[in-house]
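One letter stands for each residue in the lines below.
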Amino acid sequence: MTTDAIKAQLTLARPLRRKAAEGIGLNSAAGHLVMVLLSIVCLFPVYWMVATSLRPANAIFETSLWPTTMSLENYTYALDSIPILRMLINTLVVSALTTVVQLLTGLLAAYAFARWRFRFDSLVYTAVALTWLVPFQVVMIPNYLLIAQMGLLDTISALILPNFASALAILLLAQAMRSFPKEVVEAARMDGAGSWRILWGVMVPNLRGTIASLAILIFISTWNEYFWPLLLTRTADNSVIQIGIQMFMTSEGNQWGPLMAASTLASLPVLVIYIVLQRQVIQSFMKSGIR
Amino acid sequence: MADLVLKHLKKTYDAKQVLHGVDVTIPDGSFVVMVGPSGCGKSTLLRMIAGLEDINEGTLTIGGVTMNDIDPADRGCAMVFQNYALYPHMTVRQNIGYPLKIAKMPAAERDRRIQEAAAILNLTDYLDRRPAQLSGGQRQRVAMGRAIVREPEVFLFDEPLSNLDALLRVQMRIEIKRLHKRLKATSIFVTHDQVEAMTLADMLIVMNAGRIEQVGTPAEVYRKPASVFVAGFMGSPAMNLMEATMGADGQVTLDVAGGRPMLRLAGLAEGTPLTVGVRPEAITLMPEGADGLQATVELVEELGGSRIAYCALKGSEIAVVLPPGDEPYEGRQVTLSFDQRDLHLFDRITGLRVEIEPSRLEKPQRTKVAAH
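From first to last, the protein sequence lines stand for chains G and U.
Per this note's numbering: the first sequence = residues 1 to 291.
Per this note's numbering: the second sequence = residues 1001 to 1372.
Calculated Cβ distances over 12 Å to all of chain G for the following chain U residues:
no.: 1; residue: V1005
no.: 2; residue: H1008
no.: 3; residue: H1020
no.: 4; residue: G1021
no.: 5; residue: G1064
no.: 6; residue: R1129
no.: 7; residue: Q1138
no.: 8; residue: Q1171
no.: 9; residue: A1209
no.: 10; residue: P1237
no.: 11; residue: T1335
no.: 12; residue: S1337
Facing chain G, from chain U, some residues (calculated, C-beta under 10 Å):
no.: 13; residue: G1051
no.: 14; residue: A1073
no.: 15; residue: D1074
no.: 16; residue: P1099
no.: 17; residue: K1101
no.: 18; residue: A1103
Simulated from the structure, these hints should not be mistaken for laboratory data.
Remember, predicted model here, so these are calculated numbers, not experimental data.
Ideal Cβ positions, reconstructed from N, Cα and C, are used throughout, including at glycine.
In isolation and in its complexed conformation, chain U is listed as follows:
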């Protein structure tokens, strides 16, 4: 069992705190993706788990054993680095076999494991080449091979796909997922790419400014973002966020668009500043003058399978995912229509989610907001 427990982990560099007490339990065998913008502390956290960075405060246990002062090689973790970190002077065979050589494994067993890893990663034909003679994808596979042969309890991936081109990224992503299904070892993957995060993870850890914002399955994080940061970060195009205020009559009204009422909600004090969020795919474009928010389509991006329309709404921009089609929308006046149940509400002071219980909604059906 290799449950990973992080208890109140803190990290400080030269009096600057970069991790402010991280608490999370990573279950054995799960594929966990830590995602967040650059500088949020995700790589630092991964390096602390690996033993490459000291832990200033808190405890890290793997399989019940406290690892704070254990040497990186003895933690049962193997790491795949962003820049591959292969030994340039060694062949693929020597690179993959290096950890086993250091562990003084008998040559026959070592060779068996190298062959096995090479077969899994389709590297058998390249075993006698040096890293310089390999492509980016092949190098990354060698780095993974070096991790596999150790048969670690925990795999750590530090943005391993960042240096690959778009097509190769997708291929490697699938290979990593397939590998995890086969080896079933706990894997922690760091990325700033939310598509990578959503597709790979059993469990997502969204980080921001040295803190965990939300832990959950990709679907949970997407459907119920715990904070306005998560709402804005996860999803492409990002969730549309509009400032709103709680009115006296229990109506949440948008600050823009002439103070339009969005939904009726009980239990919040009058004047509470809120942020209303709605996913671009939850909005439907209706003809001008229909019941809803009146906006102008400024730009349409063609993605082949779908289109994204960017609509101007009294100073703010609303993205809408459109089904594929040829209808020219650019420059047209339209009505934005959405269901109340697709709205997300956040406290603008704390940034945290305000749960909208269906029973608190005035009408559960699609809401058309009356035009002024």
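If we strip away everything but chain G, and leave its shape as in the complex, we get:
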């Protein structure tokens, strides 16, 4: 091929390539635009909550994007009105313990389902899966009666006790354990490891991604739990933060400033977890297939 012919081909190829590159560029820009819009939709309520919490009472219904005057009076009012710190500690204890206990029971049950064959195993597994579909309203009354009979009303333990096991945790972990390489488990058996050692020494260290993402899911859903604490708690000192927030919503009207201040404080721990562990959280969610 002569140099001219090569040049001619290159000249022909260049616009095509540029066109292709432009196509990719446009697609990419459109994708980014959609993502930016979605991010704004997600972030704006959070921003508005923080912004409103910083507006003084007389400017609470201001519609300006940025507060014209800023004050921390809503925070001082909220902190004085209800024991927010106490409630945050309660919520933290309930969420952390529920997460740990659900992971523990989930891991044990999932191992049994994934690794052992016993009579009616698939039936039991289906039954566990079906409990996930039972609405909270159905178990609410029996659970309440049980807790009342045990004399645990208005206690922190009553908030944790009915959440000792979660179908979601069992199903998710069982699935992860089923896809764990069989040969590795068999190698451990040949090496002399029993079920207990295989679970804690071989499986759990390799399922950290799934366990981490599941822990975050359980933690957040427990942190946001409202209805069950509302039924059980009687005093502010034994309440969780979601109940505290609700205390600013009265029949005489909502106290928007303190409400937003308390909501901001309630969101902080979860936000901090996300910001600090952002990379790990996203990685573990992607690895475990949870979106």
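Since the structure of chain G is already known, use the hints to place chain U on it.
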């Protein structure tokens, strides 16, 4: 002593029988290779020996002790898996030392054994790496190290070289053989690769459809295949198999190629359907018109050290191993010539070998079959 005795071992999965009563004795210190096509039950048999699969029927004894209900860890067996099965979160040192840690061996002794195994397998420089940071060959060596440190009576290898590239396979094959010579522990190696089987084994067990077809040394299995299956499976290129029938005059005649007489054999009933086999390396190509089977060379594969010619013979294909050379054979008419003593005969109904005793042969010299 770790003689392994398998007595009438059977295995059934969901009413489907995959092993139909396996009987074999594996002598202490031998290197036994179980070979067979996919799904023949060789891996299942190995896993039954390891204790990873239940034995439905029959007994397994190692060193005289019945092992049917003994836990895998207590059978004195160590296994090397096809996919290495290393613990991804542990370093090479921790992987190799894991069985010793479980056995609660003192740290000093454990470390000594790890170092020793690492030295044997050239892994000393990699002890603090994780499996993900190793190449396939290195990972397989770690898996072997984990087996060695236990000082087992029996090594079980489940297709351990399948995931390696061709060059590494050969290297690892030699390393495994060297290791066996050094440790002298009974080793059972499962593979579907017959080159691996031939090169490694002291004793070959050829399996097919859940049954043992033949047990013997590689040379025995190659030279005297017990069945038409073994004849076709062992050897590359495979043995040429042609259908034949016992004639009235005691001549075994080929069904193809116009009913050519192959050899004269006494003691078989007239009309007995037979399969005649001849190894590709036992055939010589002669010029067209010579005394022998007339065929056309369709294709020649160049292997460097030798060539394989595929010849068309009245609808069937005959492979012939040729010495290296440049002579263009493709498309040429040739004569296939072979010695009667290199022929193998199988009963076509039972598939079993029909022994050709030299005394029963008409002429012991090279037979040239007359052209029609």
